[in-house]
Amino acid sequence: MKFAKILPYMGMFQNGVIMTLKYTALSLVLGIILGLLIGIVKLSDGKVCKIFKPVTYAFTAIFRGVPLMVMLYLVFYATPQVLGFPLSALGAGVAVFGLNTAAMTSEVFRAGIVSVPRGQTEAAIALGVQKRQAMMDIVIPQALKSILPAIVNESISLLKTTSLISVLGVADIMRTSNLVLAQTYTAFEPFIFAAVIYFILVYILTFFANMLERGLRKGD
Amino acid sequence: MKGACVKVIEIKELYKNFGKLEVLKGVSLTIEKHDAVAIIGPSGGGKSTLLRCINMLEVPSSGKVLVDGVDMTAKDTNIMRMRQKCGMVFQDFNLFPNMTVRGNLIYAPMKTKNESMNSCVDRAKELLDKVGLLSKLDEYPRKLSGGQKQRVAIARALMMEPEYMLFDEPTSALDPEMIKEVLNVIRDLAKSGMTMAIVTHEMNFCRDVSNKVCFLDHGVIMENSATGEFYSNPKTDRAKEFLSKVM
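As given, the protein sequences belong to chains A and B, one line each in that order.
If you're matching positions, the first sequence starts at 14 in this note's numbering and goes up one per residue.
If you're matching positions, the second sequence starts at 7 in this note's numbering and goes up one per residue.
The following block holds chain B by itself, in its conformation from the complex (with noise of 0.2 Å):
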């Protein structure tokens, strides 16, 4: 895998305002194929703003992020044609009430690649079925856990096979008892080679599962490396205090 460093996501000197509010300060960061990227630090360092920028769901105040090389600021760029390459993952799950579980998997394939009923309706079972939810098809997200309601948003995001999942603080909405089977479900992506970013704060499964940790504070990357040498070897004060505190 190291050999072959093909760049999926390329973000240069980010800067992001939300009024005065300064929220990333010149974020620079690479993720290459089948990368499992950790970002952590304290909250409100912009964590989930960086994740947010990497598929325009916030649009950056400067700065350029690149996805397989094209430019997702640019005015040309087919942002929705971009986004269906992305599968993303939020902390409040985001299922359509409106839809069964079956209704949230196949409505993004079907409307947006025009693929049928059947092929999607074959894969969501094949997903569901990974995800340990095959049962739950029919059910509306109501009737679901919140462990099995965001088991059921992966398999969402799964459905558009993407190149690349941004998991913006998947289990901070949990209980504990239900973050485990949320995890495991991550871990198993991971493991398959799926390139992925991770806002977390669950520092065991960040250690376990990342490749790399980036450490972001104040909305500027403080540290940015291995995960073993990250969690080892500290560079920085705050990082060290960080992991002081946290571990």
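So here's chain A without its partners, still in its complex pose (with noise of 0.2 Å):
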């Protein structure tokens, strides 16, 4: 074992690092943002909503019918011979992560906001506030905390998927890994390194989710 050869590539990784989190943190607020968005709509009655109703839904069955890898790929490479522009690996990244996880967690807001008793609305409006305002007030924080474990473990599986831009040659952990190998000729030292900050991120990630949810519980 010769860890000292990784050490002057230590500056690389801490670079990957930051790459990695950026992807990670971009496409988990798209993730989020959309997610909620789309949960809404599959549980929406209203008009307008009613039309979008089928694609929300042939929408997640294509993210989770579809590797992310072949995503990736149409994304990067097949949709600018098509728009005749191509993306940056940023752009196309964060779409197929950010899509993927609002595909994912649309799910977990759509089954958290049913599992709050319909009581809660019907107690809002009864007393004659609008029914949108009663779901961001009463309903969505209370479907937050019943949720937020499903959505730690998909913020977990975001930061893990990322390592798969380095497909892209964005220089990630992964791919930093990858380029240690190609230039010191040894596979264990770099691999086991990327691993272990892998597991130290989604320590830490699971801490602060931790100490949320302990928050958000005050009130029960």
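Hints were generated in silico from the structure; no laboratory data involved.
There could be a bad hint or two in this list.
[As the list claims (entries may be wrong)] Computed from the model, here is a short list of chain B residues facing chain A with C-beta under 10 Å: (1) Met62; (2) Leu63; (3) Ser67; (4) Ile85; (5) Arg89; (6) Cys92; (7) Thr118; (8) Arg162.
[As the list claims (entries may be wrong)] One-sided and incomplete, this derived list gives chain B residues near chain A with beta-carbon spacing under 7 Å: (9) Leu57; (10) Asn84; (11) Met86; (12) Met94; (13) Asn100; (14) Phe102; (15) Asn104; (16) Ala114; (17) Lys117.
Every residue, glycine too, gets a C-beta built ideally from N, C-alpha and C.
Each chain sits in its own coordinate frame; assemble them with the hints.
Here's what the structure looks like:
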């Protein structure tokens, strides 16, 4: 074992961590906002939402059924052929990971909202509050509490999934390990190092999620 | 009180189906100002559905509901505005668990009437004092007993300064010991002249507090009369049978 061999590449790994976190954060923000919206559309019986409902279910089905690697290639290599201009790896990556997270979390949000008793909405609208307002103030905060663990799982899964972006040549943690392998002719050390970094990142994420969950549970 | 017969709620030929199930079959009922109408009858008779049709929590299949002369079933009626005149109390309280008692009380008036936080909190304190729960202002609902929750729910409904109240089996989810504290609050309200409709199984309370009784069975109003008359001299056999079983 010669871990000293990878020491000169610590700067590269550091940039790799930043790259991985950047893809994760952007995709997570896009995924959760979109996922919540799609989850609400799936439940709504408003006129406009009804039109989009089949679209949202198709969307979830597609991301469930198609491997992310295939999606990445499709968006990064195939779409430019149709559109006539190239996409950046960042754009393609965040789009694919974000939409994938949205597809998965939309189901989580939907289930969470359904789990809040109907009486909560009824009590609010009986007081003369708009249904949409009641959703925002009463239903979603309660739903969030019960779905937080599922959202954390999805975030962890996303963080690990971003390693796929290395196939597009983005120097994330995974790609950096590959580069170090190519330069030092050792495989064990860089990949073990990558594994440890991913593990620690997930560990930190879980720690903060637990803190957040404790905060949310104050009311009960 | 008797001279001025101001109609607050007028229900005309109301039908409500859930799929093939006919729950209400042509119900007509008028509730006047200061009335306390008890809606009683066997389970599954349509009592709660009737109550929920008054503020459109259930949309009637046909028929009309007029509140202050405004047709609630009409498309251009601002239902939200109309619901603000109505205080509704549910069987299982439906307090918002993510808010304190204070939050529960001030939420609706602040959102719907743009009232200032201070005036809302002042009124909240006043109403909590009235129902004997001022000390619970900053508690979360989970720390309250069933009876306390229901009293908070009544105070929450009163925060909107409603013209009339709907009680949907307000004591059915309570331990026997807690029923009284809730009924006392409702009784006080009725005495103060609040117009109300109460779906209840508490026969003594109904006899004591209501001035009219509406006996509903299988989606039809079998009897609709003054309370004293209903209890002493029920007209229909069905009502006689019901009373002999529950009294």
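Hints, verified against the model:
With its C-beta approaching chain A no nearer than about 9 Å, methionine 62 of chain B sits inside the 10 Å limit, and its interface hint holds. Hint status for leucine 63 of chain B relative to chain A: holds, with the closest Cβ pair at about 6 Å, below 10 Å. The beta carbon of serine 67 of chain B comes no nearer than 18 Å to any beta carbon in chain A, farther than 10 Å, and the hint placing it at the interface is violated. Taking 10 Å as the C-beta cut-off, the interface hint given for isoleucine 85 of chain B holds, the closest approach to chain A being about 9 Å.
Using the Cβ-Cβ criterion of 10 Å, the hint placing arginine 89 of chain B at the interface with chain A is satisfied: the shortest such distance is roughly 4 Å. Hint status for cysteine 92 of chain B: holds, given a least beta-carbon distance of 7 Å to chain A, under 10 Å. At a threshold of 10 Å, the smallest CB-CB gap from threonine 118 of chain B to chain A is about 5 Å, leaving the interface hint in force. Taken as an interface hint, arginine 162 of chain B checks out: its beta carbon lies about 7 Å from the nearest beta carbon of chain A, inside 10 Å.
Checking leucine 57 of chain B against chain A by beta carbon gives a least distance of about 11 Å; that is not within 7 Å, so the hint is violated. Given hint, asparagine 84 of chain B at the interface with chain A, is violated; its Cβ is 10 Å from that chain's nearest Cβ, farther than 7 Å. Taking 7 Å as the C-beta cut-off, the interface hint given for methionine 86 of chain B holds, the closest approach to chain A being about 5 Å. A hinted interface residue such as methionine 94 of chain B counts as satisfied when its beta carbon comes closer than 7 Å to some beta carbon of chain A; here the least separation is about 4 Å, so the hint holds.
The interface hint given for asparagine 100 of chain B is met, as the beta carbon of that residue sits about 4 Å from the closest beta carbon of chain A, less than 7 Å. Checking phenylalanine 102 of chain B against chain A by beta carbon gives a least distance of about 5 Å; that is within 7 Å, so the hint holds. Annotation: interface hint on asparagine 104 of chain B holds; nearest CB of chain A at approximately 5 Å, less than 7 Å. The closest approach between the C-beta of alanine 114 of chain B and any C-beta of chain A is roughly 4 Å, which is under the 7 Å cut-off, so the hint is satisfied.
A distance limit of 7 Å between C-beta atoms decides the matter here; for lysine 117 of chain B the minimum to chain A is near 5 Å, and the interface restraint holds.
Hint check: violations occur at hints 3, 9, 10; the rest are consistent with the structure.
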